[in-house]
Every structure is written in C-alpha cells, then in structure tokens.
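Undergrad: Chain by chain, the residues run as shown.
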Amino acid sequence: MTAPLVAALLLFQIDTAPRPRPIMAIGQTIAINTFVNRVDAWAFGQTWARSGTRAWGRNLRLGWEWDEDAFPTNMFAHPYHGGLYFNAGRSNGLGYFESVPIAFFGSWSWENFGETYRPSLNDWFMTSFGGIALGEMFHRIGATIRDNRARGRSRTMRELAALPMDPIGGLNRLVRGQWNARGPNPPEHDPGAYVLRVGAGIRLAKGLVSDSGIARMGAIVVDLLYGDQFAQEYHSPFDVFGVRLMLSSNGGISVLRGSGRLYGKNLNRSTARIRHVLAVNQRYDYYKNPSQSAGGQSVEIGINSRWRFGSKGYGLRTALFFDFVMLGAIDAPGTGLGERTYDFGPGGGSRWELALERNGARFFRILGQAEFLHTVSGASADHIIDVSGIELTLPLAKGFGISGQTYVFNRDSRYSDAPRARRDYHEGRVLLVWTRAGFGP
Amino acid sequence: MRSALCVIAAMLCHTGLAAQRPMRPHRAGLWGELGFGAGHVRVACSGCTNVVSADGPTSYFRIGGTVSDHVVIGFEAFSQLNKAFHFSLDASKSTAETATAAVIIMWYPGRTGLFFKGGVGAAGGQYSIPRSATQADTSSGAGMGLTFGAGWDWAISRKFAVTANVATYVVAVGDIVLPGQRVDDVIATMYQASIGFTFR
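First to last, the protein sequences are chains Y and X. Residues in the first sequence are numbered from 1227 upward in steps of one, following my numbering. Residues in the second sequence are numbered from 444 upward in steps of one, following my numbering.
So that you can see chain Y by itself, here it is in the shape it has in the complex (with noise of 0.2 Å):
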C-alpha cells in the first residue's frame, strides 16, 4: 500500500534541501487524503468514499455535525491520521507553529472533501488538535530513533523502526535518499535528558471487565519522557515530552497519554537546589477499557518544581496543574448519539504528583487527576471522572526493577433527565521493568 503514496509524494519532490517548504507541505497533505479516499473508493469499495462534487457542495453548504464512530477511531485513529497531515508539514522544513494550520488544512478537507458523510466536528478537532500532539511526538521520537551518522543495516533497521510513528517523514526521508545520505542529526535527536522505560507483567482489575469479579490480564507499559523540565531551558514546543502507552492483552491499546511543553519559564534561578518551573503543555488522553473510556485534547498550565537531595541524584518532585479541556470524550450509561455510546463536550481540570526520583527517573509516584466534561453532543449530562494511582518501582539490577502500580477510576455522571449514574474501578499492576536514563543538571 505504500507503493502508490510514495509515488504520490515523489511527483512533489522538488529538491533534497531540508529548507521550509509550506507549498509542499500542502500538497502532500492533499496527496493523503487523495491517496486514502482513492484506497477506500477502489480497494475497499467503501461508498461514503465514493464523493464528487455533488457532495462537496453538499457538505459545504450544510456544514458540521457530529459522528457515530466507534471510541477507539474517534480518539485514537484521527489523532494519528492527524499526525500525518502534522508531519507532512514538520518533514518539509516547517516548525510546530507552522505545521498547525497544516494539521487544520487537512482535517478540514478530508471531512469536506474526502467523503459523502457530512464534515463531522469531532473529528475536525480531534484529527487536528491530536494530529499535532501526537505528531509533534512522533516526529520527535522518530528523528531519535534515526541516526543520520549510522550506516549499513543499523540505519535501515532504524529507520524502518521510526516508520510506524512517522511515516510521512520516512517517506520524504526515502525519496530524498536520506536513508542513506550521511550527515548531521537535526536537534530533535538529541533529547538531552530522557528515561525510558518498558515494563510487562501482569494486570489485575475489580470491576474493567464485568462488574464483580477480578480480571486478569497481560499488560505492556511503555513510558518515555524526553528531555526534563529540569535539565534544559524552554526553546521549542515539545522540546520536553512525557508519553506512556499500555497495551492490554483484553484489547489492545488501553492507554495512550502525553503532554508535552509548549512553552516554559524558570521561576528562580536554574541552578538553585529547590526548583520551580512554569509551564503550559499540550495534552492528549486516551483511556480505553471495557468499563469505561475516555480521552480529549487539553492544554494545562501549572508548575513543576523540584527539591533536590544530597549529591547522588536524589530529589523529590511536584507537579500541580490545571487544564482546559478543549474536546473530550466519555462512556457512561445512556451517553451517545444513534450508534455512538459515548458523549463529546469540553470541560476543565487538574492533575497532581508527587514523585521521589533519581537522576530523573521516578521510582516512587502518588498522583491524581480530576476532569470535568460538560456534553455538548450526546445525553444532557455533565460527567466528572478522577483517576488516582501509586506507582513503586524497585532496582533489581542492570536497569531491571520491580514496579507495582494501583490505580482507582471513578466517574460520576449527572444528568437532566435521568438518574445519577456512576462507576468505579480498581486496578493492580506487577510489572518486570527495565529503565534506561540520561540526565543532565
């Protein structure tokens, strides 16, 4: 299937050099949507791909409504697909700023263009808001990931491994010939401070699956924070990022969070022992189990700050911040609209933690979170949820550890012409962990 996307993007090769390219950037976005609706129409012999005119004039002239799309495609499929319009955009030389519009652009023209349903607000914002936050990581991670000094097999396995994350990257990166071509890795590459770490164990839950009973079930967990508030001064959205990803063996992918830094400020000097940082972060939130789902785009502004201990790397940190929920979304008994079982509206939180670290790896963290979402498509209804969790993870040796992790979900759900309705759920995690960690000052 990439056979024809690569064609489509080589007639809009021009040259090789890395310099802002918006006209490009447009055009392989439209090439997307042209590529995927053609796939659609002619592959899959989907009939709402099937639009033309009639259906464009249509769709322009009676404008936005919203959708009936499963969870997991409203809120995890769109912001991915978003992330390519993103990336056709941070692949051609643009910066985030810049690549915005163009995550805008192309939602927007495949809701109007690219099919004869009419032009669905959710996934306008949800294609574009998380087209960006997940493409702006993904195209990050994917320039770590590749080494524009490495030569040989390890550079195709490296970049064959980013491909998943930033495929349109790794198409332009083909057709330059820069799968090959050595030289200089862009600043992206180098995260300064990071932690990786990857853990897989067990999961249990009283109430995920059915509502008594405990469920068990296999889990992966993967966090990454690149680069440290700590570490580094605030130059460029997404210069810090933090991002976990648990793939449950009852459903595949359960979570997917991350927010990343679009802009930060010290609040007293960057060298003190006690430090207090501001920072307002793009979020994304996907929660995807059973009993319960939810997700949205937010921005947050809040303050970490960091008091460090002793001279080996020790320090205990805090985070207290509070978010606009610009779109969320979330299950609940009665929610939807025709076959969607769920609500879109926005809404306002907070979130806290507390972490006992070492060289920037957390071995010890209490937090919580509480979001409220006013429904604005789906039941009348307002809908509160709180997550809250303790995570210990314990060194055995060679960056393996122990980590046990619980966490409580709770939402409440009111609504105006139903009873009150609400849910809770307990989770364990046990999890073998392996830790990799950079860290600077």
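Some hints could be false.
To be verified - To list a few chain Y residues with every Cβ distance to chain X over 10 Å, as calculated:
no.: 1; residue: SER1335
no.: 2; residue: GLY1409
no.: 3; residue: GLY1490
no.: 4; residue: ARG1499
no.: 5; residue: HIS1502
no.: 6; residue: LYS1538
no.: 7; residue: LEU1563
no.: 8; residue: SER1606
no.: 9; residue: VAL1613
no.: 10; residue: ARG1648
Unchecked claim - To give a feel for the contact side, a few chain X residues facing chain Y, derived at Cβ under 10 Å:
no.: 11; residue: THR492
no.: 12; residue: PHE559
no.: 13; residue: ALA585
Note that these hints are calculated values from the structure, not bench results. Computed from a prediction, not measured in an experiment: that's the story for all the values here. Virtual Cβ for every residue (Gly too), placed ideally from N, Cα, C.
Knowing the structure of chain Y, use the given hints to seat chain X on it.
TA: Below, chain X alone, put in the same frame as chain Y:
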C-alpha cells in the same frame, strides 16, 4: 467627503512610506482591539436534514501581548446577535445570540500587516422566542468554540491601526430546548467581516 478623502490619502501615503522600511507587526507589547461588522450564522444539529441561517451584526474585543516578531497571543470575546432567527413560525420576533471567549494566536507571516488567526475557547448560545408582548421563552447552552481568520493591520500611527478582519467561528453549545421543539447537539457556524480599531 473631504475629510474621508484626507483619511484615505493619509492611509495610502502611510502605506507607501511604511513599505520603504523594515516592518514588524503593528501589535507589539500590550495591545487591544475593538471591532464591529457583519455576520452570517448557520445552525446545524444532529438529525437535522437542513440548516437554518440568518444574518446579523457582530462585535468583538481582543487584548493580548507579543510572543515574537511574527506571533502575538491574545484573548478574544466575540458575539453575534441575530434578531431574525428561524426557530419559530414567527421568526422575525425570535432572537439568537452566540458568543465565544477564546485564546487566540495571530501569526504575521511577513513584514506586512497581513495576519492569520486561530483560537479555541468556551462558547455560549442564548435563543429566545417571545411568548407574549412582555414575556419570552429563552434557552441557553454552553460549550466550546473554534475560530479561524485572517486580517490586515493598517498602521495609522505608532499607537493606532485600523484592522480589517474576516473570520469564521464554529460553536458547539449542546441541546437547545424551546417550547414545542428540542434541537439536539447544536453547532453554529458564523462568518464575519469586520473593521476593528487597534491600540497599543
């Protein structure tokens, strides 16, 4: 008439002079803008096979600061009042007002006054149908809004500019319940062309 010609001539002269020196966006430091204009609103909802639309006056206020030579950030409050909205049979007496309060980013791609705007924030809508000569049924909803637009700052002086704007506002305010009908999952899309006065 003569004064209007003088203003136009002054603006043209100023534009010509300004083109001869390096220009940065007029908005530097703390700035504010107040504007008015014409608007068109289109309202769609879940399950609606058609949309209703109407024209009405719009107004907005913006205040903000500078991020860089090419980017400014601000807060924008926008509202559209429509006195001929087709929610009831006697549509001429119905009113609909939609408003947004958003954080906006304005990007000046070059050294001219051209800018592009994008923003996201909270939104509200209030819809009213008269029940009698003195009473009205009113329903309101709150939600979120997106805005995109473009414009041009014509610097009249160091402290003052006239700004032309075109913008679209997409507002989702949930369900609107009015006597005899319920409109689910309302999405209002507004288009605006306006003139603003920018101070810094």
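Undergrad: Taking the closest pair, is the beta carbon of LEU1563 (chain Y) still more than 10 Å from chain X?
TA: Answer for LEU1563 (chain Y): violated, closest chain X Cβ roughly 6 Å.
Undergrad: Is the claim that HIS1502 (chain Y) lies outside the interface with chain X correct, judged by CB distances over 10 Å?
TA: 22 Å, holds
Undergrad: A closest beta-carbon separation below 10 Å is what the hint needs, so does THR492 (chain X) meet it against chain Y?
TA: 9 Å, holds
Undergrad: Confirm or reject: VAL1613 (chain Y) is not an interface residue toward chain X, with every Cβ-Cβ distance exceeding 10 Å.
TA: 22 Å, holds
Undergrad: Interface hint check: ALA585 (chain X), Cβ to nearest Cβ on chain Y, cutoff 10 Å. Holds or violated?
TA: 7 Å, holds
Undergrad: Beyond 10 Å from chain X, beta-carbon-wise, is LYS1538 (chain Y)?
TA: 40 Å, holds
Undergrad: Using the nearest Cβ pair, does PHE559 (chain X) come within less than 10 Å of chain Y?
TA: 7 Å, holds
Undergrad: Confirm or reject: ARG1499 (chain Y) is not an interface residue toward chain X, with every Cβ-Cβ distance exceeding 10 Å.
TA: The claim holds: ARG1499 (chain Y) sits with its nearest Cβ about 31 Å from chain X, beyond 10 Å.
Undergrad: Taking 10 Å as the cut and beta carbons as the points, is SER1335 (chain Y) off the interface with chain X?
TA: Correct as stated: the minimum Cβ-Cβ distance to chain X is 13 Å, above 10 Å.
Undergrad: A cut-off of 10 Å on Cβ-Cβ distance, and GLY1490 (chain Y) was said to be off the interface with chain X. Does that hold?
TA: 13 Å, holds
Undergrad: Test the statement that ARG1648 (chain Y) is away from the interface with chain X: the closest C-beta pair must be farther apart than 10 Å.
TA: 22 Å, holds
Undergrad: Beyond 10 Å from every chain X Cβ: check whether that's true for GLY1409 (chain Y).
TA: Holds, since 29 Å exceeds 10 Å.
Comparing the model with each numbered hint stated earlier shows that hints 7 and 8 do not hold.
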